[in-house]
Amino acid sequence: MSKIIEHLEEATIRFAGDSGDGMQLVGTQFSDTSGFAGNEVNTFPDYPSEIRAPEGTLYGVSAFQVHFGKEHIHTTGDFIDVLVAMNASSLKVNKANLKTGGIILANTEGFDARNLQLAGYASNPLEDGSLADYTVYAINMSREIKSQLSDIDVPAKTLAKTKNIFALGITYWLFNRPLEPTVEWINRKFKGKDDVVLANVHVLRAGWNFAEKHDLFQKQYVIDKSPLPRGRYRSLTGNQGVALGLVVAARKARLPLFLGSYPITPATEILQAISGYKKYGVRHLQAEDEIAGICSAIGAAFGGSLAATTTSGPGLSLKTEAMGLAVMTELPLVIIDVQRAGPSTGLPTKPEQSDLLMAMFGRHGEAPMPVLAAASPSDCFAMTLEAARLALKYMTPVLLLSDGYIGQASEPWRIPEPDTLPEIEAHFATNLADFAPYRRDPETLRRLWALPGFQGMEHRIGGLEKEDGSGNVSHEPANHERMVHIRAEKVERIAHDIPEAQVEGPLSGDLLMISWGSTYGAAKTAFEKLRASGHPLSHLHLRHLNPFPKNLGDILQRFERVVVPELNTGHLKWLLQARYLKPVVSISKVQGKPFKSVELEEKLKALLLNNPVAV
Amino acid sequence: MKTQIDELLERPHEGSLVYSAKDFKPNVDVRWCAGCGAISVLSPSQRLMPELGVPKEKIVYVSGIGCSGRFPYYMDTYGFHSIHGRALAIASGLKIARPDLSVWVVTGDGDNMSIGGNHFIHTCRRNVDLNIMMFNNEVYSLTKGQYSPTSHRGQITKSSPLGVLDDPFNPVALALGAGATFVARGHDKDRAQLQSLLKRASEHRGVSFIEIYTNCRIFNDGAFDLYTNADTRDNHTVFLEHGKPLIFGKEKNRGIILDGYTPRAVNLEDGDYSVNDLLIHNEKDSTLAFILANMTYSEDLPRPMGVLQAIHREPYEARVTAQIEHEIETKGEGDLEKLLMGESSWVV
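Chains A and B are the protein sequences, given in the same order. Per our numbering, residue 475 is the first one in the first sequence, and the count goes up by one each step. Per our numbering, residue 78 is the first one in the second sequence, and the count goes up by one each step.
Chain B extracted, bound-state conformation (with noise of 0.2 Å):
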């Protein structure tokens, strides 16, 4: 049954599809502070939508609530700035009554893992077709520097002047345990990296979650200056790239072996251990996955960077679209006389 929808969405596109960032920067100014690490992500978000070959018209950025909010009104397509952590909720009604649009969904820590934590779970449950940037600043910005659920145990904020007692978050092993498909982590520093994964999470079919680290200078500067600065990250973090060992250091002179299940970081220099017995990175493997997010927050450890898996699942509204097509193609299209007729009915 052909409705309103189908007929408006005939139209073809007129003119070219291909873009440049420019294209996709609305006339308004950026209302976020200086420095602030959105900013950093906005770029890249622009630069990516050119890439996609998708015409613009078919890309829509849902938010919610929190510095994370304002992003859409920064992309010119589609956008929709919604209410405390339904950003998910919204964006998926969205996405299951129109498969054919591109749905990005700008989220935060307090947002995402807060507020809207039971979207959260849900959606990767689903496995919709959405791409998820998480904004972790682990503060909650807007509302002025309280701790937020992916703030650690101790951080001092306005709501924790005596430090805070909550244990945070891991925001990716989260996004694995309720069944997300792809699961990746970026950060703001190196826009080229963030990009990719963005490209990557794009690419993706089904759920795509991208938890990206971005400083808060007013209320958490530096949180993660260990993971991201120029000078440190390649000490402190490790980029995991598919089929291939992890190597990290300045030097490329450490590496990840798994002794059991435990991953241990070693010495390629002091002739214990080579590149061939270190774990190769596997975005396939769901059981590695969880290994490598449970580095997250080990202190002997470097932090994992990238994708950490990437599996195939059929997204959610396509099952959707297979079910009613299925029924239709068994049974016919619903005939509207039969349906008010019900089981059984009589003539008066």
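The following block holds chain A by itself, in its conformation from the complex (with noise of 0.2 Å):
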């Protein structure tokens, strides 16, 4: 019988199941497969701590989630339109965010007495009627699996572990996606173990011949192509950006990479990448904690390398003082802080964004750094580079800010040549007449590099007070009080080197949203969504905390009111406040989760209709 098929402007499907169904891999596949597909794409992997918690837990489920469509595809999408549900917890735990009507995908065998005793269901959802709101495709995934490949010769045990790639040809069928990258994918990832190779191409196109065929499946879905740039494309997460923002940044400055860093959820996988690009001529240590990490750095910038370390909140605590040493020896260091929720262990793998006032002010003394945050997993690339110009060209530490949100989460990423990417400037003394460890240029304020190895600038550097200039150590009052005025201007001239804030919408009025970071996502899906309906809205997106961009305050004097969203109870309005002596309403949210967007939209709503607002 012919089915019907539907044109969507846009879908969010999430993958759910416990931590060992490889839910993750066909969340992957299926954002790889959109992207190829030519549509714009934003994930987010939501797994737990746990590393394989025990199996059918509500706390044990493992998510993948892909948000895709033609347009405007800014966020991980607030609600689901189809749930993969491997067992009753992943039901359980996804059904408050699935929409009315929304698809139900479950594989029945996750649904026994004990899963549904574990998930605290009394009776079985799929066959009580308790989902009667909803689209349900209850299917037996290993019978139909096991029916469907009877002539094929694989040991059962194999086929065992092929239910995730069965309820990916599904959901191809059920959004009409291709299967090539896949089979490719399949084929590259498990070469040489051809059983396994011809078991999970055989699956995969088993679930898309079920839903093909079974009367079960009456609708399909199709969604246009993105009016994308021309390009080549692949699938981005943050951390990756920065990995290889890190490589090219070296690449750019002509200088060698050292990464010194201990592995912290959710940072590690830029340690991880950055190990295995030896024949990039990368450098690295997996030092013995987060001190020996940045200390490492620190002493590799002596030496003349691109020099960075990689951490979390817990990391970065630990880091202060060897930051402060870096503030004080005048040395280009990149520091990255993928947050994530606090105080303390907090919630490790949760995304929050209550570092940045650590980062502005953590450290002893009066140690001024800038601070860079990136907005979203392709970002991260770009930032790095600017954390790695602003570190060479100013000979400072530079911190730039991602979160667990889009260090994890993944994008499409327009790869761009490397040869039209900006050579970035490094600045060694090598005129021995006029060679002094601290003299400045006039214009940046910057020390020159003197390199060990370079006959005649011997010279001893050091976390104790230096004399402007000479760099002898100093206790001179009055010298101290000059350095540490330097060591601010130095960075406060930063804000003549960096973009100017770009309003969208009005450019002057009555509101004014200012996000940063990884909020970036779902501040501009609101305000598209305002503007559309009408609303006089201004949203500034900031990428520079410290120094902010020049014109900033200006802008902030053009609004009767700015509000700030942020995962935190207020650090940007503080500095906001602070800084420009404008009040600032915040919308704060800190439950280790991104702002949905439609939360952000009707809390802008309720202001513009001057509704006091619920924060």
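A portion of the hints provided could be inaccurate.
What the hints assert, rightly or not - Here are the simulated DSS-like pairs of lysine-lysine, each with C-alpha atoms no more than 25 Å apart in a straight line:
#1 A:Lys665 with B:Lys415
#2 A:Lys753 with B:Lys408
#3 A:Lys752 with B:Lys79
#4 A:Lys726 with B:Lys408
What the hints assert, rightly or not - Among chain B residues calculated to face chain A with C-beta under 8 Å, some are:
#5 Pro149
#6 His158
#7 Leu416
Rather than coming from a laboratory, the hints here were simulated on the basis of the structure. Keep in mind the model is a prediction, meaning the values are calculated, not measured. Ideal Cβ placement from N, Cα and C applies to all residues, glycine included.
With the hints as a guide, dock the two chains, each given alone in a separate frame, to form the complex.
Below you can see the structure in the form of structure tokens.
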């Protein structure tokens, strides 16, 4: 019988199951395939802190969400259109986010008595009528796999591990996605394991065919291609973006790259990626602790490397003293903080933006440091290059904030031609005649990088206060005061070297929303929707947080009210108020989850209608 | 891929490589207390430098915090006076990034055994080619006299007015346990001996650890007199020499034998033992090194000085370089375009 085809602008699918069910894998495949099919995509892996939590439990549910569509895909999707639920618990924890009328693709094997009990269901939701508001496809996947693949000679054990691929095949049918990218991936991934390749490729097709032939499936969805700029694309997570950015920055600066790091969720993927880049000449140290991570990077920076250290909140706390040393010795250093919910161990796998004030002020003494924040996964690449540029040009440590959300999330990224990326400048001392370790460039106030191994420039640096110019140790009161101001001024002058802030929407008026970091996607979506419905809202996104763009103060004065959504209790609000003496309204969220665009939309609408906002 | 660093370092050394100790004395006042043991390490260091055959600009001294931390200011080489306990982490990064440099680390018993203890054991384990001089004065001096991780039980200090309750680290045993390949002990009262130990350390490829007894005249004066003063040290220390029997005593009349695994001091004059019975030192024998290290706090045995162990293991930074070279050799130099492309990509 013929099936109905419906055109959609966008959709959100969530693959959910046990930690061992392979949900991250099929989610990634769905995401890549959607990018390949020409859509805008935004994804988010949502997994428990436990590595292999007990099977069937509510806290062991691992999920991967893909938001894809023709245009305006800035977030991972507020609500779910299609939920793949491999067991009862994965239905239970995700149902609240499922749209009324949405699709549930359930594996009935995960809804046996034990699974139902673990999920806290008194009766089977697939059978008791409680899902009447949804379209439910309840399938015994193992049985279907077995019956579809009866003529293929593969060990039962291998087949048993392909349920996720079967579900993926069904979702490919639902959204009319091509199978080729995943078939190619299977061939690459399981090269040499013929049984596994055979089983997975057949099961993927079996999933598709099952949906195509079965009466259960009446409707197929089509999403048109996005009007993307031409070019070659790949899927990129924020952490991949940072790793690539570091390698590219080093090449563009023609410097060796050194990474000193210690594994920590959710930043570890950067260290892992870099550790495999040996053929790019990269040197790295998986250090004994966070402190050694940054200190080894400082040592490498002293030796002339583009040096970096990567971490998350608890690690940033440990690195603070060494950051002060990098400020004092005026060595270039890129520090990347993939923020997670704190304090202390907090919610290690969940995002938050609550390290901003620490990034600004979390060092003893007067220790100013440029602070940047990436807006999206692909922006992590661009901002890593920017961090390296500023570090090398101004001889300063630079702190780049990412977070667990954009660090792990992915989106299609138009791959730049390496040759088209700008060169990055570094300034070495080479003139013996006028060499002094702390002699400064009058414009940028940077000192020159004097390299051990360079004859005639033997000198000592360190954490003790330096005499202006000579760099000799000095305890002289007026000198200390002068040096404190010079170090601050050096950072302030960066404001002349960064793009001015851009306002979207009216350039002046009633309400300006200022977002920073990973709230970009939700803020942008909410802004676009409110603008489309005629609301006089303006939006500005900040990538440079210290110093702020030099026109920011003027912009703020042009608006009656300023509102800042952030995943903390008001850090940027605090900074803006202190800096510009302008009252700022805060939209705060600290649940270890990113904003939904719809919740921002509601709160902004209330503000626009002059209602008090519940924050 | 040639970097700016490669180009900057291509400049050949101009002039002679023949130095004198004077070339390593910067024009600054030495601000340690008169009679400080650290001063006694400075001149052997400055005298050693001309013997290394290394261009001065290739030498870097890295220090942490404490009285020892000032050392780099007194050596006219490149220097980095860092933060408390972290000298080894900074020096490790420097050496891994720049294997061409001769990197020396100056630290103390507080800096290295306490706040920097973690970096110490891991640097030993990795075998980074660093020369570590640890000034041990068994007290915190720069903070004016608290006990340190090498202070002995019962020691009276400002923070232990009723006596220290902790047992001390035995630094050489800790270094051996952590996998250090070169482990030695010297002291501030015999500069020639110290200079020869520093030379051995500099020649060793891999981590070199020298514990140096340095007297603190102000807060722990005389702590090592028994082992360092000319009139007592011969009877209370044994100087280890590779391939030679362990003989000590002013009259060279005593020696060390091994009774099972236990070292015992014997008299060579009463007829029971001769030189042939004595333990022969072998720097390559790690088991022996532990036995010797454990003589340190024994009341019945002389304290071992000199080189306890010198074994070879490929230095860490050389392994890093080899891994990079192997990758480039087998896979070709990394191509940026391919890197950015990743595993799968598509054209729009």
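Failing hints, ascending?
none
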